[in-house]
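So the sequence lines, in the order shown, correspond to chains A and B.
Going by the working numbering, the letters in the first sequence line up with residues 1 to 133, in that order.
Going by the working numbering, the letters in the second sequence line up with residues 1 to 309, in that order.
Think of the hints as simulated: they come from the structure by calculation, not from any bench.
Mixed in with the good hints there might be a few duds.
To be verified - In silico contact screen, one side only, chain A against chain B (beta carbon under 8 Å); selected entries:
hint, residue
1, S75
2, L77
3, E78
4, I98
5, L115
6, L118
7, T121
Unchecked claim - Listing some non-contacts, in silico: residues in chain B with all C-beta distances to chain A over 12 Å:
hint, residue
8, P17
9, D91
10, L168
11, K173
12, T205
13, P262
14, H270
15, M276
For glycine and all other residues, C-beta sits at the position ideal for the given N, C-alpha and C.
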Amino acid sequence: MSAVTIVVEPDLAATRLEFALAEDRVGHYPEFRDFFVRAFDLDKVGLGRPGYVRASSGLTYALIFIGRSGEAFPSGLEIYAVVEALEPVDGDVLDTDIWAILNWMIAGIGPPWTLDDLGATGRLYQVPAAGCG
Amino acid sequence: MLTTESPLPDWIAARWPYAPRYAGVNGWRMHYVDEGEGDPVVLLHGNPTWGYLWREVIPPLLASGRRVIVPDMIGFGLSEKPTREQAHSLDGHAANLTALVRQLDLEDIALVCHDWGGPTGLSFAMNNPERLRALTVMSTWAWPTPAEFHTRMFPWRMMHAPLVGPYLLGDHKALVGRGLYLSVVGRERFRSHTQPVYEAMLPDTASRLPTWTWPRWIPLDENARAHDRFLWLEEKLAACKLPTAIIWGREDDVFDAATFAPKFKQLMPHAEGPHMVTGRHFLQEDSGSEIGAIIVDFLERVDAKEAAR
């Protein structure tokens with residue numbers, strides 16, 4: 001499985017944020033929200049700055065947390081690839097990296113959420129990054 | 001509003017020869033089919049299908065002298081597809097249906113419900129019982145206790161988890177593609193003949209939004225958003241005396257026949273059935289004509305009982 005690591009302050013010069021994935025309800029299962037709060041110290045950081053992770057492709061991803069009045073923070077999450085400003089991104093690389101980020105997230109949340117179940121679900125639905133196709 | 005030109009590509013329109021009609025409901029544009037004359041039969045699909053699911057059920061109903069109305073739920077088929085998850089609440093979908101029924105001023109409705117068409121249609125029915133004449137339910141539920149299938153980590157909870165849901169069900173069309181295929185009996189014919197129709201109607205990640213947001217309304221515990229609505233629904237149905245038919249697929253592994261058909265029977269002891277047919281969750285794909293004939297026979301018995309009074 002590709003490694004994903006948290007990056008503190010990536011160089012954003014001459015880059016753009018390329019949209020990759022959005023989640024409106026990160027607290028649908030509260031342990032997912034708790035994971036992101038822990039991983040990026042969101043109780044202190046709040047909306048101050050995105051979280052950043054780097055995937056083994058070398059691309060950095062910005063995790064932009066969304067707040068919604070009346071709901072615990074974060075209520076949602078958007079993931080963007082940090083790419084060269086005027087260059088297209090390789091969709092297959094993006095997909096593989098997102099799958100790796102999902103694995104990193106599930107590993108960080110822990111039981112009863114397991115990488116085995118995520119992998120099995122990905123294979124059942126024939127996701128190439130999960131080892132199918 | 002009736003339009004004469006089908007918005008469907010020719011290869012789908014050839015299999016779905018019904019005039020498209022549209023109504024403004026609850027602020028959204030809803031597509032529906034309205035064919036035939038007589039007492040109305042309203043056919044309600046669920047996730048991720050559209051009216052097309054009922055294509056083999058419609059002809060026997062029309063031939064029996066019924067008026068058949070088939071709405072596409074908002075977000076599906078030819079109806080408007082909102083791109084915000086907040087547009088998809090259980091109560092909102094029930095209100096959408098209520099708006100359509102009131103605009104068409106339908107009365108003496110025979111309501112036929114499948115999947116999310118169950119909680120949606122039955123919520124409408126229990127809130128507007130004076131407009132109803134009969135109910136038919138198949139592969140659905142109407143109480144707070146979830147199906148065992150929906151409590152399993154693999155695959156159901158995992159595929160609807162935060163971020164995993166939009167990735168699998170949105171980017172990789174897990175339900176409208178592989179999921180539908182896994183939930184029919186005649187898989188090879190479905191794959192070559194029918195699956196492309198469903199995939200064409202939800203062609204991209206944005207359009208597939210309700211395929212991961214709507215299932216999250218299934219109450220998995222008493223703190224869930226829709227728990228109280230399902231509790232209300234269960235209580236209302238237990239007191240409901242409308243003529244009811246239960247139809248189920250023998251091979252259903254989502255709402256398994258051994259648990260869910262008897263549960264409806266327990267809740268509504270006067271209901272007839274369960275009439276068992278070949279089918280998994282999307283039983284209309286394997287037994288559409290037979291289901292149509294069962295509903296026709298059921299409604300003729302309802303007619304006869306009413307005539308005898």
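Against the structure, the hints:
1. S75: With Cβ-Cβ at 11 Å, over 8 Å, it is violated.
2. L77: 7 Å, holds
3. E78: 10 Å, violated
4. I98: At 6 Å from the nearest chain B Cβ, I98/A passes the 8 Å test, so the hint holds.
5. L115: With Cβ-Cβ at 10 Å, over 8 Å, it is violated.
6. L118: With Cβ-Cβ at 6 Å, under 8 Å, it holds.
7. T121: 4 Å, holds
8. P17: Non-interface label on P17/B holds, nearest chain A Cβ at 33 Å vs cutoff 12 Å.
9. D91: 17 Å, holds
10. L168: Check fails; 6 Å does not lie beyond 12 Å.
11. K173: Non-interface label on K173/B violated, nearest chain A Cβ at 9 Å vs cutoff 12 Å.
12. T205: At about 9 Å from chain A, T205/B fails to clear the 12 Å cut-off, so the statement is violated.
13. P262: Non-interface label on P262/B holds, nearest chain A Cβ at 29 Å vs cutoff 12 Å.
14. H270: 38 Å, holds
15. M276: 27 Å, holds
Of the numbered hints given earlier, the model fails hints 1, 3, 5, 10, 11 and 12; all others are met.
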